[in-house]
Each structure stands twice: as structure tokens, then as C-alpha cells.
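Using the hints provided, position chain B relative to the given structure of chain A.
Residue numbers (numbering that gives the first Met the number 0), protein chains in the order written: chain A, 0 to 415; chain B, 0 to 477.
Everything labelled a hint here was simulated from the structure, so no lab data went into it. Check the hints yourself; a few may be wrong.
Okay, derived cross-link-like pairs now, SDA-like style, lysine to any residue, Cα gap no bigger than 20 Å in a straight line [claimed, not checked]:
#1 A/Lys383 / A/Trp300
#2 A/Lys383 / A/Gln406
#3 A/Lys383 / A/Pro328
#4 A/Lys383 / A/Arg411
#5 A/Lys413 / A/Ala216
#6 A/Lys286 / B/Arg424
#7 A/Lys413 / A/Gln100
#8 A/Lys383 / A/Thr373
#9 A/Lys286 / B/Glu418
#10 A/Lys286 / B/Asp65
#11 A/Lys286 / B/Arg422
#12 A/Lys413 / A/Arg152
#13 A/Lys286 / A/Ser257
#14 A/Lys286 / A/Glu299
#15 A/Lys383 / A/Glu47
#16 A/Lys383 / A/Leu404
#17 A/Lys286 / B/His380
#18 A/Lys413 / A/Val43
#19 A/Lys286 / B/Tyr74
#20 A/Lys286 / B/Arg421
#21 A/Lys413 / A/Gly197
#22 A/Lys286 / B/Pro64
#23 A/Lys286 / B/Arg66
#24 A/Lys413 / A/Leu48
#25 A/Lys383 / A/Val43
#26 A/Lys383 / A/Ser403
#27 A/Lys286 / B/Ala419
#28 A/Lys383 / A/Gly197
#29 A/Lys383 / A/Glu112
#30 A/Lys413 / A/Ala362
Stretch-level coverage of chain B by chain A, calculated; a stretch enters the list once three of its residues show a Cβ under 8 Å from a Cβ in chain A [to be verified]:
#31 99-110
#32 121-129
#33 327-338
#34 344-356
#35 374-380
#36 408-418
#37 462-476
For every residue, glycine included, the Cβ atom is placed at its ideal position computed from N, Cα and C.
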Amino acid sequence: MSGLVREIRFLASDRAALLWLGIALLVACVSVVLGLREIATQRVVLNELIEIDSAEREVLDTLYQDWGDVAYYTFHLTWDSPSDFAFAALGQRDTSPWKHQIRALALEGQIYETDAENPDFALIGRFDFAFAANLLAPLLLILLLHDLRSAERTAGRYELLSATAASQGSPWFARAALRVGALTICLIGPLWAGGLLGGAGASTLVPASLVVILHIAFWWGVCALVDRYGWSSPVNLTALVGVWLAFAVIVPAAIKISVESIVPLPDGGEILLTQREAVNDAWDLPKAATMEPFIERHPEWADYTEVSQPFEWKWYYAFQQVGDQTVEPLSQAYRDGRIRRDRLAGSLAWLSPPALAERAMQALADTNVAATLTYEQRVRAFHKALREYYYPRLFRGEPVSTVSLQQRPQFRGKES
Amino acid sequence: MSNVLSIAREESRLWLRSRLALFALLIFAVLLAAVSIATSLRMSEEHRERSEQQALAEETFLSQPDRHPHRMVHYGHYVFRTPPPLAMIDPGVDSVTGQSIFLEGHRQNTAMFADARAGADLGGFEGLTAALVYQLFVPLLLIAIGHGVFIREREENTLAPLLAQGVTGNELYAGKWIALAGVTLALLLPLAIVSAAAVVRGETLLASFGVIGLYALYLFVWCGLILLVSAMVRSRALSLGILALFWLASALIVPRMAVESAVSAMPAPGKIETDLRMQAELREVGDGHNAGAPQFMQLRANLLVQYDVERVEDLPVNFRGVVSEVAEADVTEVMNRFAEERMEFEVRQARFAESFGWLSPVVAVSAGSRALSGTDLATHHRFLREAEDVRFDFVQGLNRVHAEQLAYNDDINRSLNEEANRRTRMSAENWNVLDEFSFQPAAADERLARAGTPLGMLSAWLLLLTAGGVGAARRMQP
Numbered sequence: 000m001s002g003l004v005r006e007i008r009f010l011a012s013d014r015a016a017l018l019w020l021g022i023a024l025l026v027a028c029v030s031v032v033l034g035l036r037e038i039a040t041q042r043v044v045l046n047e048l049i050e051i052d053s054a055e056r057e058v059l060d061t062l063y064q065d066w067g068d069v070a071y072y073t074f075h076l077t078w079d080s081p082s083d084f085a086f087a088a089l090g091q092r093d094t095s096p097w098k099h100q101i102r103a104l105a106l107e108g109q110i111y112e113t114d115a116e117n118p119d120f121a122l123i124g125r126f127d128f129a130f131a132a133n134l135l136a137p138l139l140l141i142l143l144l145h146d147l148r149s150a151e152r153t154a155g156r157y158e159l160l161s162a163t164a165a166s167q168g169s170p171w172f173a174r175a176a177l178r179v180g181a182l183t184i185c186l187i188g189p190l191w192a193g194g195l196l197g198g199a200g201a202s203t204l205v206p207a208s209l210v211v212i213l214h215i216a217f218w219w220g221v222c223a224l225v226d227r228y229g230w231s232s233p234v235n236l237t238a239l240v241g242v243w244l245a246f247a248v249i250v251p252a253a254i255k256i257s258v259e260s261i262v263p264l265p266d267g268g269e270i271l272l273t274q275r276e277a278v279n280d281a282w283d284l285p286k287a288a289t290m291e292p293f294i295e296r297h298p299e300w301a302d303y304t305e306v307s308q309p310f311e312w313k314w315y316y317a318f319q320q321v322g323d324q325t326v327e328p329l330s331q332a333y334r335d336g337r338i339r340r341d342r343l344a345g346s347l348a349w350l351s352p353p354a355l356a357e358r359a360m361q362a363l364a365d366t367n368v369a370a371t372l373t374y375e376q377r378v379r380a381f382h383k384a385l386r387e388y389y390y391p392r393l394f395r396g397e398p399v400s401t402v403s404l405q406q407r408p409q410f411r412g413k414e415s
Numbered sequence: 000m001s002n003v004l005s006i007a008r009e010e011s012r013l014w015l016r017s018r019l020a021l022f023a024l025l026i027f028a029v030l031l032a033a034v035s036i037a038t039s040l041r042m043s044e045e046h047r048e049r050s051e052q053q054a055l056a057e058e059t060f061l062s063q064p065d066r067h068p069h070r071m072v073h074y075g076h077y078v079f080r081t082p083p084p085l086a087m088i089d090p091g092v093d094s095v096t097g098q099s100i101f102l103e104g105h106r107q108n109t110a111m112f113a114d115a116r117a118g119a120d121l122g123g124f125e126g127l128t129a130a131l132v133y134q135l136f137v138p139l140l141l142i143a144i145g146h147g148v149f150i151r152e153r154e155e156n157t158l159a160p161l162l163a164q165g166v167t168g169n170e171l172y173a174g175k176w177i178a179l180a181g182v183t184l185a186l187l188l189p190l191a192i193v194s195a196a197a198v199v200r201g202e203t204l205l206a207s208f209g210v211i212g213l214y215a216l217y218l219f220v221w222c223g224l225i226l227l228v229s230a231m232v233r234s235r236a237l238s239l240g241i242l243a244l245f246w247l248a249s250a251l252i253v254p255r256m257a258v259e260s261a262v263s264a265m266p267a268p269g270k271i272e273t274d275l276r277m278q279a280e281l282r283e284v285g286d287g288h289n290a291g292a293p294q295f296m297q298l299r300a301n302l303l304v305q306y307d308v309e310r311v312e313d314l315p316v317n318f319r320g321v322v323s324e325v326a327e328a329d330v331t332e333v334m335n336r337f338a339e340e341r342m343e344f345e346v347r348q349a350r351f352a353e354s355f356g357w358l359s360p361v362v363a364v365s366a367g368s369r370a371l372s373g374t375d376l377a378t379h380h381r382f383l384r385e386a387e388d389v390r391f392d393f394v395q396g397l398n399r400v401h402a403e404q405l406a407y408n409d410d411i412n413r414s415l416n417e418e419a420n421r422r423t424r425m426s427a428e429n430w431n432v433l434d435e436f437s438f439q440p441a442a443a444d445e446r447l448a449r450a451g452t453p454l455g456m457l458s459a460w461l462l463l464l465t466a467g468g469v470g471a472a473r474r475m476q477p
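Pulled out of the complex, with its shape left as it was, chain A reads as follows:
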């Protein structure tokens, strides 16, 4: 026990160590505050948009007397509310859409639109807890540990300290353990404070803390390994920063290049072009060429496929649907490709602990690639529900009525 007290006293008088720990605490606090604020802003923006969106629909509902016009002009907002833990890892919410407007036309022409933030900022990235814990913290740990032994060696106390210690290495272990522990607390403390403030439960905070601890432990191991060579402090530091560079930058970059060449994606532009051709060709084709593939999907409307005039809305929406059907294989391949890329990146991330930790936190925060794909599926499901709502009204030629409009599906945010 007295050994621990002595080490704490020793740490308290080590100004450099206090500086690095202070920076760690500061960085973690700032990242948590910024993350919480960003999530709060996103929630405010969503609430405002939801309000404007429904007000806008109320105006539109009075304007059109034809279901075709109603479906053509009415946009619906869809959104992906941030989870309570999203503040810690903003992840894909930085570059991928979390709000989207759609209408009942062909979906493939709409779903890839994005409401992006300032591209200059998406490029640099945000200052969230995941960044502080996964990229900055290892560097701070390196700075804390690189000269534990070598500084004593330089000061000429190394032999004495080693000789008087009960067992070889133990004073160094205690000293390092104390620093590692202090750093971990500097990180996890603000995370818990922010998490409890933001409403995140133990179910995310505990695993996230575990990720931080394991990740820090890995870097402690690296530092211990380099320490064994007995180099001088500057050489230790240079070597350790080199290891950081390898694990945090070079390996991820190499993984990205390999993943993207192993799993090619169909060109996004091709999806749009194919869809556009299919939709536009329909205008010049016999009506039956549209209606046949349409009723394959919707046999319930087989008795209503008679199109007698050059233009009828039901035919118009039928070829919108057929346009989507035509690009289905491509669109599915694009989606599958993204899933496969993400899975492969997930497996290869074991080669880079910082990448692994980042991905783990994004998974906990529901801000990873899988979450954006899930959101996309929810938009697709909602679009399908809209179509299924409009089809009976279009095909049976029902009049537009307030009662009928009230039955229209509403997008609902996910339960959080």
C-alpha cells in the first residue's frame, strides 16, 4: 500500500505526466461536450423538419383533386434519429444521410440523394469521443510511458531502483500501471458523465468503457515491448510513434485499398442511368409492355390494367415501379457490395486496434455502415407502403378525399 502512495506522490510531482493526463482529460471532456451538442442540434433540426414537413403536406392535401397529382407532388420526410450514445461516435452520420425526402415516384432515382454537410468539414471529420479515445489517447499513452525506464537510466538511478525493488520490474510495473489507470479514468470519466447526462444506459457505456480499456491495454503492451530494448527516451518515442503511425494510419489505409479492390461495387451512375432509361422508354412502348411486368409483382391489379388513353396516371406509376424493378439486380448488387465491404473491413480491422475500437464504438452508437443501411431499408419499406396506399386509389379511380388522405402511411422514427 505504501508503495502505491509513494507512486502516486511520484506521479503528482511528474509535471510532464500531469500535462499529458491533463490533455487527455481536457480532450475527452471537450469531445463529449461537442458530441452531446451535435446530437442535440440534430434532434432540433429533425423536430423542426418534421414540423415543416407535415405543415407542407397539409397545404398540399388541399391542392389536388387527382391521386396522380397527389402522389406526384407530395414529398415525405424520412429520418434516422440519433441514438442516445451517438454523441460518443458520430461515425457515418457525418457523411451519410440521416434525413431524406421521398415521393411515390421510382425510388432508385431518389434514394441516393444526400443532404450533406459542408464538404470541407466532412473531409476533416468531427471531434467526437471515439476520435479522442481511439486516435489521440494512444499517442498520449505513448508520451506518458516512453521514458519511464529510460529517464531513470539517463538520471543514473535505474540500477539503484532495480536493485532495491522486491522483484525485477515491479516498480516499473506499478509506475506504468498507475499512469495507464489514470489515463483510462481521464477518458472514461467524461464518457460516463456525458452518457448519463445524455440518457445513454449502462448497456452502451459498459461495453464502450471495455473497448477503451482493452484498446489502452493493447498500447500499454506495445509500450512495454519497446521498453524492453532499453533504448534512450527519444528512440523509444520515435519507435512508438512509428508503431502508432503503422496501426492507426498505414494499416487502415492498406485495408481500405484492399477491401475496395477485392469487393468491387457496381457504378452508382449506372443504377441511375438504367433506371432512367427504363422509365423513359416506357413512354414510347405499348402500354402492355409496362403493365405485364407490373402485374407480375401486383397480380391483384390484373383486372384494372386497361389503359385506353395516351396518358393515364395508373400507367405512369406502373412504369415508375417497373423502372425500379429493372434496376433491382444492380441496386441489390450495390447494396450487397456495401455490406460485403463493411464485413470484410470489419474482419480486417483486427489488424488495426484503433480501427477496431472505432468500429466497435460506432456499432454501439448505431452510427456504423450497418446502421445507415438499415435506415435505407426503412426508407425503402416506407416507400413500398406509400405505393401500396396509392395503387388501389389510382387503379380503381377513387376520388381524393380527406378521409382517404388521413389513411396515408406516415413515416415513424425508430423506437429509441
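Frame of chain A; chain B shown alone:
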């Protein structure tokens, strides 16, 4: 002068003999070469692909059969943002903004399919480019080999003899500077080679030299800092600690803090929000598809007076086409106003973030690099504006065909009568209202002007650090 050169020579000789320095240099040489080659190959492949897609999109549009011109308005067209030659060094916002826009009547679509959304996610630095290596990681190498340039003389007890021989502080500083600057210039070699390749691909010499000069200036700032700290501090460990702290702050923390500050100082409304707010104004303009809308009554009356006829059917022009043309112009005016507002906002945000270049040379160099390479926000806005010009021109060209060549009676009966419908199909020759599109970044001098502020910031950094370093070297005592 001979003193200066011999100090520089001695320093380089020591680096070449130090296995650590040599090893670090070697690793960085390989890294720089590999990343430069990878970035160059990727961006030239993108250039080829997008140019081909652009040509294909134009061909497809022009080869459409005879049809109603308004159908071509909605058939629409695609434009692609081909990356400029210097994107081989700094792809800039290319990966986070979409590369193509679908152009159609009465709508301004966003750019779609950004690489960043379909790529593998590995936590922050996976999108490594040559520019990023120079901006973030080459300074680490310079720190590793340069942090002890003055301290070494103390440690090896060579400082006293040097000073006793009459070597002045200025000479000492100049010698060390030349040694470190020599390494820097050697490290800039891959950048120079890629810049030369960019010139071969049509980039101007001014911009290419601008990029090389910018990075040289930036790395010299780091040399200045390293020399200053090394001259002021007595132990290697402390020198390394200070430099590591500075790197941590300026490379990793300040850039992201700049983003956070800009976002919170001026929160920008999103595209959907803008669109929703725009809807009310757009409704006032009226829907160009509906020539009977109240908004067009005045237009109708004016036309009847102008041509001195009683009925719309007797007008020498197709009233529906005229409405389309007028409505498109009005709608575009509204959309452009909102779009310009949004771009203006983004520019102000970016400028705010850029001002953090006074705190971190990394922020300055990255802004300057994107501006010079033609891959910055302003270039993306230029793309959006040019795309809008193409959109407006072909849509209005088609609307004029609609107004002038298509009979009104056929037009109103086309949904009821097959014969009339057939007559509304205009000859495909009319589709050549579409202009060829080939995206080019702004002229080199304009880009250089945009990089003016970052260049000024870096010059100020260099001046300040060099003055401080020379002062510290002069005061050096054994």
C-alpha cells in the same frame, strides 16, 4: 559561409550514419512513393471514367428518338465532375461530395454517389492521400530526425569548441537550417514528380509550382519550429515532448476544433430544410405543367394583346410552351437564390474554419493545397453553378421548341387523341440544344489568389519561427 556549409555537411553525415534516422527516412520514402502512386493512379482512373461517362451521357441524350420536348426536359441529363490534374496530389473534397448530378426541369438535384459513403470504414485516416501524408506525417519525420540538432552539440561537448572557433549563432543556425531543409527538399521529390505529371496532363506550371512552393513553405515552417525548440531547450526528451505536443495539437486537434467552432458559430441549414422553405415561394411562381393556373392569367392576357387575338388557340406560339419557359425562368430564379444563399453560407463557414490557420499551420496548408489543386469547396461550387447553367440552357432550349414548333391544339389533345399525340413528337434534331460539358477548375491565377490567405499565414509562421530560432541560436551558450 564555409562554416555554415561544414556544419550542414556534418549534420547530414551524422544522419546518414544514424541507423534510426536512416531507417525512418527510408520508411517515409517508401510511404510517400507508395501513397503518391496510389493517389495518382486512383485519380487518373477517376478522370478517365468520368470523362467517358460524360461523353456517354451526351451521346445518349442526343440519340433519343423523336418525342414531345417536355419529355426530354424530364428525361434529363447527367454531368460529371472530372477531377483536375492536381487531384493526383490532393483529391480534396472529391471523395465526400458526389461526382455526378442529374439535371432535369424545375429541380436542382444534389450531387450523388460520394465515394466516402460506399467505401470501407476504418476509423479516420484510412483515406490516405499524398497530400495528407505531407500535411500530417512528414512533420513527424522531421521532428524525429531534427529535434536534437542543437542539443546534440551540447551533449557531445562540441558546442563550446564551435563557438570558441568564432562560429556565430547565425552561422550555426544557418548550417542546421540548410541540413534540415535539405532533407525537406529531398522529401518533396515525390510531390515534384507528381506535379510534373500533372503538367503533362494539362495543369499550368503556375499551379504546379504553386503546390510545390506551398508544401515547401509548410515544411520549412516545421523546420523553423524544430530548430527553435531545439535551440531553446537543453534536453532531448523535453524538446521531443514539446514538439510532439505541438504536432498533436496542430495536426490532430486544431483542424477538428476549427470544424466544430465553425459549425457552432454558424450552423448551416440543410438542403431539405432549404427545399422545404423554398416550396412556398415556388408555389407562388406556379406550376409550369399547368398552363391554366391563376399565376399565368396575366401572361395569357398579355400575349393575347401582344398578338392581337381573341383565343389562346389562335396565338402563333404554343401557350403551354410559353408557360413552361416563363415558369422555368421564375422557378430557377427562386432556386438559384436559395442555392446561392446556401453556398455563400458554406463559404463563410469554411473561411471561418480556415482562420484557424493562424493557430495551426496544418489548417493553413490543407486549405491552400485544396485551393491550388482545384479540389476545394469553391471548385465544387463552381461545378454546381456550371451544372445549373447547363441545366437551364437545355431545359429552356427545349421549352422554346415546345413554344415555337409544337401546335397548341395537338398539345392539349395529346392525352386523348393518338394522332395529335404523334404530331407532338418533335424531331430529334432539336436535342442538340444540349451543350457539351467538360468540367475545368478555375484558372491557375484565380486558384493562387484563393490560396493567398493560407500562403500568407504560412509565411507569417515561417518568419516568426525563423526570427525566434535565430535569436535563440545567437543566445546559445555552452
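Could you check the structure against the hints above and give me the numbers of any it violates, in ascending order?
-> 5, 12, 13, 15, 17, 25, 28, 33 and 37
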